[in-house]
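Trainee: Each chain is listed here by its residues.
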Amino acid sequence: MTQNSGVPAPYSLLAEITHRCPLHCVYCSNPLELSAPQTELATEDWLRVLEQAHALGVVQVHFSGGEPLDRADLEQMVRRARALGLYTNLITSGLGLTRPRARALADDGLDSVQLSVQDAGAVLSDSMAGRKAFAAKQQATEAAREAGLPLSMNVVLHRLNLERVEEIIDLCLSWGAERLELANAQYYGWALVNLERLLPSREQLEKAEAVYQRKKAFLRGKMELIWVRSDYYERFPKPCMGGWGRIHLTVSPDGFVLPCPVAKTIKTLRFDSVQERSLSWIWYQSPAFNRFRGWDWMPEPCRSCSRRFEDFGGCRCQAFALAGDAAKTDPVCQWAPDHALVEAAVARGSEAHRASPSTPRESKETFRGLVYRHLRAS
Amino acid sequence: MLGDLTADSKPSLVRKARLRYEEVRKTDFLLLPERVVKLNPTGAAILRLCDGTRTVREITKALEAQYGQAELEQEVLEFLRTVADQGWIE
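As given, the protein sequences belong to chains A and F, one line each in that order. Counting in the working numbering, the first sequence runs without a single skipped number right up to 378 at its last residue. Counting in the working numbering, the second sequence runs without a single skipped number right up to 90 at its last residue.
Simulated from the structure, these hints should not be mistaken for laboratory data. Just so you know, these numbers come straight off a predicted model, no measurement behind them. Hints are not guaranteed to be accurate.
What the hints assert, rightly or not - Pairs of lysine to aspartate or glutamate residues, derived as DMTMM-like cross-links and limited to a Cα-Cα distance of at most 25 Å, are as follows:
id	chain 1	residue 1	chain 2	residue 2
1	A	Lys132	A	Glu181
2	A	Lys215	F	Glu71
3	A	Lys267	A	Glu181
4	A	Lys222	F	Asp4
5	A	Lys215	F	Asp85
To be verified - Far from chain F, by Cβ distances over 12 Å, these chain A residues were calculated:
id	residue
6	Arg20
7	Ser29
8	Glu224
The C-beta atom is built at its ideal place from N, Cα and C for all residues, glycine as well.
Taking the hints into account, I'd like the entire structure generated from these sequences.
Mentor: As structure tokens, this is what we get:
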């Protein structure tokens with residue numbers, strides 16, 4: 001049952017409970033303007049959000065951040081989520097997932113853990129994360145497995161690690177992952193800042209995808225492999241979030257409700273907070289959630305394109321970030337008026353890749369000039 | 001693994017999968033880390049009986065009693081093989 005004709009109930013909630021994080025990954029998808037710790041929602045606000053999400057029809061909650069383990073009340077939230085029958089998933093760097101904590105979370109009903117890794121070895125992995133973390137991640141995978149928690153892993157792929165995709169897959173298998181998401185970087189937030197250093201060449205991508213295909217067939221039944229495409233190299237945009245306000249909602253650490261984790265970067269929209277409105281009102285009634293629902297808002301070439309039912313015009317945040325207007329066709333689309341912007345970035349990526357050695361040496365030089373995720377001094 | 005599921009197998013949901021009846025949509029779902037699978041009432045009834053102690057034959061009998069039908073075994077086996085292929089039961 002929906003409260004607004006044609007608007008379906010949401011399935012999943014991404015609860016970004018903090019932007020604090022021990023890592024400083026150069027491609028972090030969090031916005032450049034991170035929420036300051038003092039603006040974070042209190043425990044009771046999050047418990048109310050979980051209840052309202054459940055009442056709306058949400059069946060799955062992903063606790064994320066930042067590093068969700070940085071909050072001591074995570075266990076309380078997991079307990080409430082499970083009491084409501086929600087499927088609970090923890091998205092973590094692994095730092096802070098000690099044996100006692102993994103055990104406590106499993107006892108509280110946590111359904112699964114998704115842990116990130118940056119590369120196949122400690123030196124490069126730690127260099128991308130901006131601190132020593134690799135050993136702690138391995139320990140976290142052991143803690144999760146000992147607690148009986150199903151383990152998924154994910155790695156963001158880019159120019160500096162794509163050529164080691166086979167070693168990365170083997171590492172995750174040896175760490176006991178049941179599922180591995182090989183996610184080519186999407187250029188938002190910190191990744192967009194570092195695009196010139198991170199965007200791979202087409203040849204790199206194609207080689208890595210061939211490795212993925214081979215390993216996927218080989219590992220069938222042992223570990224599930226998922227390949228998230230690099231949308232800059234596609235002819236058509238991704239169906240971002242399955243459509244604006246159709247399936248998913250995100251709540252930011254300071255309580256703003258967003259159709260996707262990046263949407264707050266769209267400065268022309270005003271988003272509502274759980275401190276002022278109910279989730280139900282925000283999902284069904286708020287101007288921001290209704291702004292890009294359906295097809296009427298679409299410009300040409302989307303409006304008359306048969307693909308609009310599949311890709312929903314692509315990503316609104318990307319349209320805003322690249323073309324300066326969230327209501328434009330995603331510039332990734334080969335038919336978008338602003339497609340030249342993406343072509344130019346791809347050309348720069350390929351050029352930079354040709355100009356530098358294909359496999360980065362494990363030296364500081366490889367990482368010089370990259371901007372690491374940090375809280376802005378206010 | 002249930003690569004060769006038979007009437008004597010005792011399937012159960014894998015640890016990461018959870019069955020849930022969702023009240024807003026009045027629908028059964030199989031919930032997984034990154035996936036929500038909508039089930040029809042029969043599929044949900046079959047999976048609800050997969051507790052690792054009942055054989056497929058026993059599951060079938062229970063369903064036949066529940067629905068007042070006979071000879072459901074082939075249907076149940078086919079459904080469970082599809083689910084096993086996805087890695088959702090073991």
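Trainee: Next step is simple, just say for each hint if it's right about the structure.
Mentor: Verification of the supplied hints:
1. Between Lys132/A and Glu181/A the alpha-carbon distance is near 22 Å, which keeps this suggested pair within the 25 Å criterion.
2. For the given pair, Lys215/A sits about 41 Å from Glu71/F by alpha-carbon distance, which is inconsistent with the 25 Å threshold.
3. Note on Lys267/A and Glu181/A: the hinted pairing is violated, with a Cα-Cα distance of about 31 Å set against a maximum of 25 Å.
4. Of the supplied pair hints, the one linking Lys222/A and Asp4/F holds, its CA atoms being roughly 16 Å apart against a limit of 25 Å.
5. In summary, the hint linking Lys215/A to Asp85/F is supported, as the alpha carbons are separated by about 18 Å, within the 25 Å threshold.
6. A cut-off of 12 Å between C-beta atoms confirms that Arg20/A is not in contact with chain F; the least separation is 24 Å.
7. With a closest Cβ-Cβ approach of about 16 Å to chain F, Ser29/A is found to remain outside the 12 Å limit, as its non-interface label requires.
8. Not every CB of chain F is more than 12 Å from the CB of Glu224/A (nearest about 7 Å), against its label as outside the interface.
Hints 2, 3, 8 from the list above are not met by this structure, while the remaining hints are.
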